[in-house]
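Q: Below, each chain spelled out in residue letters.
Protein chains: 2
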Amino acid sequence: MTTVAVVLLSGGLDSATVLALARRDGFECHALSFRYGQRHAVELEAAAAVAAKLGAVDHKIVDVDLATFGGSALTADIPVPTNDPGDDLSAGIPVTYVPARNTIFLSFGLAWAEVLGASDLFIGVSAVDYSGYPDCRPEFIEAFERMANLATKTGVEGTTSVHVNTPLIAMTKAQIIDTGLALGVDYGLTTSCYDPAPDGACGRCDSCRLRRRGFAEAGVEDPIAYRHPVTT
Amino acid sequence: MTTVAVVLLSGGLDSATVLALARRDGFECHALSFRYGQRHAVELEAAAAVAAKLGAVDHKIVDVDLATFGGSALTADIPVPTNDPGDDLSAGIPVTYVPARNTIFLSFGLAWAEVLGASDLFIGVSAVDYSGYPDCRPEFIEAFERMANLATKTGVEGTTSVHVNTPLIAMTKAQIIDTGLALGVDYGLTTSCYDPAPDGACGRCDSCRLRRRGFAEAGVEDPIAYRHPVTT
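Chains as they are written, first to last, in our numbering: chain A, 67 to 298; chain B, 67 to 298.
Where hints are given, some of them may not hold.
Given that identical chains are not distinguished, each listed pair holds provided it fits within a single copy or across any two copies.
[Claimed, not checked] Distance condition first, Cα-Cα at most 20 Å in a straight line; then the derived SDA-like pairs of lysine to any residue:
no.	residue 1	residue 2
1	K219	E208
2	K219	E205
3	K126	G103
4	K126	Y102
5	K119	K219
6	K219	P204
7	K119	T238
8	K219	A133
9	K126	G183
10	K219	V194
11	K126	R101
12	K219	D252
13	K119	L249
I should point out that these hints are in silico values taken from the structure, not numbers from a laboratory.
Please model the complete structure; the sequences and the hints are all you need to start from.
A: Written out as C-alpha cells, the structure reads:
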C-alpha cells in the first residue's frame with residue numbers, strides 16, 4: 067500500500083528538495099502551498115511548476131490571510147532588510163519572521179492529512195543555515211507533532227497517527243543542494259527571494275544570501291538570475 | 067498595566083460567555099472570528115454583535131478556506147445529522163467535526179497574540195457537554211500551549227509567554243449559561259445552530275440539542291427562535 071503524505075511546498079529550494087526526498091522514499095505526495103499576503107507571490111508559480119515536475123499527485127494553494135495581523139516584513143509595509151543576517155541568533159529574530167507562520171501552515175497540512183488519511187507531513191525546515199526563526203527548530207516540530215496527535219481523531223479513536231518529517235533539519239544549505247541535485251531537482255524552477263522582480267531575485271535579502279552561499283559552498287552554479295552581484 | 071488577550075469568538079453561546087469572563091477579569095480583549103466555509107455563516111453577524119456588546123476593543127474576521135479539504139458536514143456537502151448525539155464518545159466522532167479546526171483557529175490566535183504582545187488566548191471549549199471533538203479536550207489544549215511557546219519569539223528570546231485559557235473546560239452547558247447570565251450576556255445575540263434558516267435555528271442538530279438541554283437544565287428560557295419543537 068502506498069503511504070500518503072502532505073508536503074508543504076513554498077516554491078523555494080528547500081521544500082523542492084523535501085518533495086524530491088519524499089518521492090524517492092515512495093510517498094504519494096499531496097503538495098500544499100499558501101497565498102498568505104506575501105510580497106513574493108511569484109513563489110506560488112514556482113511551487114506549481116515544482117509539484118508537477120517532481121510528480122506530486124495534486125497541489126492545493128490555500129488562501130491564508132496573515133497580512134491582516136501584520137508584524138512582518140514579508141506581509142506588512144516594512145522594508146525587507148538587505149544586511150547580512152549572520153550565522154547565529156545573536157542579532158535577534160529578523161523582521162522577515164512571520165508570526166506563527168509554520169504553526170499555521172502545519173495546521174492546514176494536518177487538516178488535509180486527516181481528510182486524506184495521510185500518515186506523514188513534510189516540511190523543509192533546517193536548523194543549520196536558517197534565519198533564526200523559532201518555528202524552524204526541532205523542539206518546535208516535536209511539540210507540534212505531539213499536539214497534532216491529540217488534536218485529531220487519532221487522539222480519540224487510535225487511528226493513523228501523524229509524523230512530521232523534517233529531512234533537512236540537520237543539513238547545511240550546501241548539503242540540501244547536493245541532495246536535491248542528486249535526485250534531479252531543477253533549482254531553476256525555484257525561487258527563494260523575499261523581494262523578487264521580473265528581472266530576477268534581489269540577491270541581497272537574507273533568503274537570497276543563504277541560497278547564494280549554499281550554491282557557492284556546494285561548488286555549483288545557481289541557475290536563477292539575480293539583480294545584484296554577490297557582496298562579501 | 068492592562069493585560070491583553072485574544073479571544074476566539076464564534077458567535078455561539080460558549081465563546082460569548084468566555085468573552086464576558088475575560089472582560090470581567092480585566093483583559094483588553096481582541097476578538098477573532100473565522101469565515102471558514104461553514105454552512106452557518108450567520109454566526110459571524112452574531113459574533114460582531116457580541117463583540118460590540120461585551121466591549122471587545124476590536125474584532126477581526128479572518129477568511130480561512132477549510133472547505134477546500136472537505137471532510138465535515140459543516141463545510142462539505144454532507145447532511146447535518148439530526149439524531150441525538152448522546153452524552154459520550156461511544157458513537158464515535160460526529161460528521162460535524164471539522165478536521166484540525168481548533169488547531170487552525172488557535173494558530174491564527176497565536177499569530178495575532180504575538181503581533182499584539184498579548185499574553186493570553188481564550189477559547190470556549192468544554193469537555194463536559196460537548197460533541198466528542200478531539201480538539202476540545204484539555205490534553206489537546208495543554209499540548210497546543212506548549213507548542214505555541216516554542217513556535218514564537220518567546221521560545222528564543224524569553225519574552226512574554228502565551229497562556230491558553232479555557233474557562234469553560236469543566237462546566238456543563240447549564241453552568242455556562244448561569245455564568246453568562248450572571249455577567250449580563252444577552253444570549254439572544256448568539257446562535258449555535260449548524261443549519262440555521264431565517265425563521266430560526268433547526269433545533270435538531272447536535273449543537274441545538276446541547277444548547278436546548280443546557281437552558282432546560284438551567285431552568286431558563288432560551289431567547290432564540292427554533293423551527294422544530296423539542297423532541298425527547
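Q: Run the structure past the numbered hints and jot down the numbers of the failing ones, going up.
A: Hints 5, 7, 12 not satisfied by this model.
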